[in-house]
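Participant: Build the full structure now, drawing on both the sequences and the hints.
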Amino acid sequence: MGDDLGDEWWQHEYKSDASEVEEEETEQKKKPAEKTKTKPEKRKIVTEKPAKAKKKKNNEQNEQTIPPRKETRDEKSAKPPKKRKKKKTITDVLATSEPKPGCPADLQDLVTQYFKDKRSVIEQEELKVQDSFFLSSNDLTHTLSSYLKQIAPKWAKIQKQHTEKSSVVLLVVCSSALRTIELIKQLTSFKGEAKAVKLFAKHIKIEEQVKLLQKGISHIGVGTPGRISALIEREGLSLQALRYLVLDWNWRDQKLRRIVDIPEILLVGLQETRKKRLENS
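Residues in the sequence shown are numbered consecutively from 1, following full-length UniProt numbering.
For the record, the hints were derived by calculation from the structure and aren't laboratory data. Just so you know, even glycine gets a beta-carbon here, dropped at the ideal spot from N, CA and C.
Between beta-carbon pairs, the in silico distance windows are:
id : residue 1 : residue 2 : range
1  : Gln214    : Ala95     : 40 to 46 Å
2  : Pro263    : Thr96     : 18 to 24 Å
3  : Pro104    : Arg252    : 19 to 25 Å
4  : Lys149    : Cys103    : 17 to 23 Å
5  : Leu140    : Glu207    : 35 to 41 Å
6  : Ala201    : Arg252    : 18 to 24 Å
7  : Phe133    : Gln161    : 17 to 23 Å
8  : Glu207    : Pro101    : 37 to 43 Å
9  : Pro263    : Pro153    : 34 to 40 Å
10 : Asp117    : Pro153    : 39 to 45 Å
11 : Thr143    : Lys116    : 31 to 37 Å
Lysine to aspartate or glutamate pairs mimicking EDC-like chemistry, simulated, CA-CA at most 20 Å apart:
id : residue 1 : residue 2
12 : Lys100    : Asp131
13 : Lys198    : Glu182
14 : Lys128    : Asp106
15 : Lys165    : Glu235
16 : Lys211    : Glu233
17 : Lys255    : Glu182
18 : Lys202    : Glu264
19 : Lys202    : Asp248
20 : Lys205    : Glu235
21 : Lys211    : Glu235
22 : Lys116    : Asp261
23 : Lys87     : Asp261
24 : Lys195    : Glu164
25 : Lys215    : Glu233
26 : Lys211    : Glu164
27 : Lys195    : Glu208
28 : Lys128    : Asp109
29 : Lys198    : Glu208
30 : Lys100    : Asp253
31 : Lys215    : Glu235
32 : Lys198    : Asp253
33 : Lys165    : Glu233
34 : Lys116    : Glu126
35 : Lys154    : Glu193
36 : Lys149    : Glu182
37 : Lys198    : Glu233
38 : Lys149    : Asp248
39 : Lys215    : Glu164
40 : Lys165    : Glu207
Facilitator: What follows is the structure, given as structure tokens:
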């Protein structure tokens with residue numbers, strides 16, 4: 001007697017064995033798949049490291065872009081100041097130059113430069129003085145008295161003939177009141193009995209000087225350009241009897257400036273003097 005199961009028994013056994021084999025193969029396939037899934041996770045960890053490096057670079061860039069700190073006042077004051085190049089002044093230039101005897105061309109150039117913007121061309125031509133009107137200049141070996149004796153050898157006769165008030169025969173122009181007093185002291189051996197007057201503005205009012213010139217006869221006048229010009233404008237000083245005009249050309253003050261180097265000194269008085277001498281010639 002036998003059982004009829006519809007299928008043969010060995011086929012069932014084969015199928016069960018084959019299914020087990022297939023299940024084992026699928027499990028083996030799943031295992032490497034799981035292993036491969038873990039690999040990208042490791043890669044993610046690896047990729048995070050360069051990201052940190054980028055952050056460091058970004059931090060370095062941020063540090064570079066931070067503006068520099070401003071210096072405080074104390075830090076600035078602690079630093080030594082920068083040395084500036086000093087510009088040469090008139091005193092520095094004149095300190096290196098040596099005194100030279102004046103000449104007519106020097107005075108003519110000075111007058112032209114002073115009046116080139118203030119007078120027309122025709123008026124500038126009238127200001128020019130011929131070289132024949134100039135006396136010989138001091139060669140820097142003479143004192144004031146010895147120089148005046150050279151240019152005015154007949155001084156004793158000239159001073160006796162002078163009888164006009166508010167006028168002088170010899171006019172010396174210098175740069176300051178102190179220089180005026182010094183030059184009057186140097187005139188002692190030359191002037192003799194002649195009367196010398198001080199013509200400067202320091203401690204002397206112009207009205208007092210006008211009265212002084214009107215009272216008596218003065219032969220020599222020594223003063224500054226500003227006061228001489230003011231006296232001429234007020235008709236307190238007449239130039240009709242003037243025969244000698246002397247410029248204290250080479251003397252220098254404490255700043256080593258000559259009379260022609262001082263901008264405050266006006267040359268209007270010298271202009272009037274030259275016009276009068278041209279009219280009388």
